[in-house]
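K.L.:
Sequence:
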Amino acid sequence: MDMLERIRAQAPQLSAAERRVAQALLDRPNDFIQAAVADIAQSVGVSQPTVIRFARSVGCTGLQDLKLKLAGSLVGGVPYVHASVGPQDPPAELAAKVFDNAISALLRCRNAISPAALDQAIGLLAQASRMEFYGLGNSGIIAADAQHKFFRLGTPAIAYADPHIQAMAATLLGPRDVLVAISNSGRTNELLDAVDIALRNGCKVVAITSTGSPLARMAHVALLADAQEDAELYSPMLTRLLHLTLIDVLAVGVALRRGPELAAQLEKAKRSLKNHRRRVDP
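Numbering of the sequence shown is given in the numbering used here, commencing with residue 24 and proceeding in unit increments.
Derived from the structure by calculation, the hints contain no laboratory data.
All C-beta atoms, glycine included, are put in the ideal place defined by N, C-alpha and C.
Mixed in with the good hints, there may be bad ones.
To be verified - Pairwise CB distance ranges (calculated):
{"#": "1", "residue 1": "GLY95", "residue 2": "SER152", "range": "21 to 27 Å"}
{"#": "2", "residue 1": "ALA119", "residue 2": "LEU141", "range": "28 to 34 Å"}
{"#": "3", "residue 1": "GLN150", "residue 2": "SER70", "range": "53 to 59 Å"}
{"#": "4", "residue 1": "GLN46", "residue 2": "VAL275", "range": "35 to 41 Å"}
{"#": "5", "residue 1": "GLN36", "residue 2": "GLY177", "range": "49 to 55 Å"}
{"#": "6", "residue 1": "ASP142", "residue 2": "ARG199", "range": "16 to 22 Å"}
{"#": "7", "residue 1": "ALA59", "residue 2": "GLY225", "range": "53 to 59 Å"}
{"#": "8", "residue 1": "ARG280", "residue 2": "ASP219", "range": "25 to 31 Å"}
{"#": "9", "residue 1": "SER70", "residue 2": "ARG280", "range": "29 to 35 Å"}
Can you build the whole structure from these sequences, using the hints too?
P.N.:
Right under this line is the structure:
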């Protein structure tokens with residue numbers, strides 16, 4: 024995880040004063056790098072020791088170490104874009120902001136994702152006797168998309184978006200099955216309860232969630248997707264794109280892991296759709 028993502032992920036655990044420093048850094052990271060500790064403290068309205076404590080709270084030895092790591096994040100080839108839309112934005116500017124934020128979030132997730140975690144998740148899914156995908160609300164739509172991709176890979180796959188059904192279905196999962204739990208916050212009680220039931224039955228759990236969440240800590244494998252967005256005002260749009268892309272990565276990985284025999288099966292399924300498409304006259 025780069026420095027910006029680490030700070031954003033850890034911000035909720037910081038003190039109120041340190042959170043103000045974190046927000047100032049996230050709002051203007053380039054200015055933060057150039058500013059002296061006294062200037063940072065004055066602009067944020069905290070003491071200079073608070074700025075130093077903030078640097079240590081996010082895993083740095085001091086303010087200079089934080090600035091060096093922050094500079095590395097900013098020049099690492101991934102744009103740090105978080106342009107909030109406003110009612111005064113014309114359509115062209117609105118479109119540019121939404122696209123830029125999406126591209127930035129995808130690039131940052133690509134660079135931060137753990138290759139070892141991806142490999143482990145693909146391995147579990149490739150060997151599963153049954154796959155189930157759980158998500159609530161917006162994540163339920165992503166779970167349905169995952170079912171649409173994975174049922175064609177030769178393993179029973181189903182998605183549940185109702186918490187009561189999730190709890191009942193989880194009781195039927197066993198050691199040869201894999202549950203993929205999807206949650207932006209990773210803190211929804213009903214989903215965590217279903218995951219706990221599956222774990223007690225020996226089921227393997229892959230989580231697609233945010234850094235440091237309870238769901239990430241419960242799962243055998245956690246694929247972390249963090250995006251800076253105003254989820255209080257809008258539905259989590261950027262996180263949805265990250266989760267959908269991670270599902271695509273897993274589906275492609277499992278298809279490749281299954282080998283050439285799966286290619287013939289997928290081609291057969293594709294041919295079955297030809298008769299359902301209207302021919303276009305030349």
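K.L.:
Next, verify each hint and record whether it holds.
P.N.:
Hint check:
1. GLY95 <-> SER152: 21 to 27 Å: The hinted range 21 to 27 Å is violated for GLY95 and SER152, with Cβ atoms some 44 Å apart.
2. ALA119 <-> LEU141: 28 to 34 Å: holds, 31 Å
3. GLN150 <-> SER70: 53 to 59 Å: About 55 Å separates the Cβ atoms of GLN150 and SER70, which means 53 to 59 Å holds.
4. GLN46 <-> VAL275: 35 to 41 Å: holds, 37 Å
5. GLN36 <-> GLY177: 49 to 55 Å: Hint violated: Cβ distance 43 Å, outside 49 to 55 Å.
6. ASP142 <-> ARG199: 16 to 22 Å: holds, 20 Å
7. ALA59 <-> GLY225: 53 to 59 Å: Distance hint for ALA59, GLY225 holds at roughly 56 Å.
8. ARG280 <-> ASP219: 25 to 31 Å: Check passed, 28 Å falls within 25 to 31 Å.
9. SER70 <-> ARG280: 29 to 35 Å: Distance hint for SER70, ARG280 is violated at roughly 54 Å.
Comparing the model with each numbered hint stated earlier shows that hints 1, 5, 9 do not hold.
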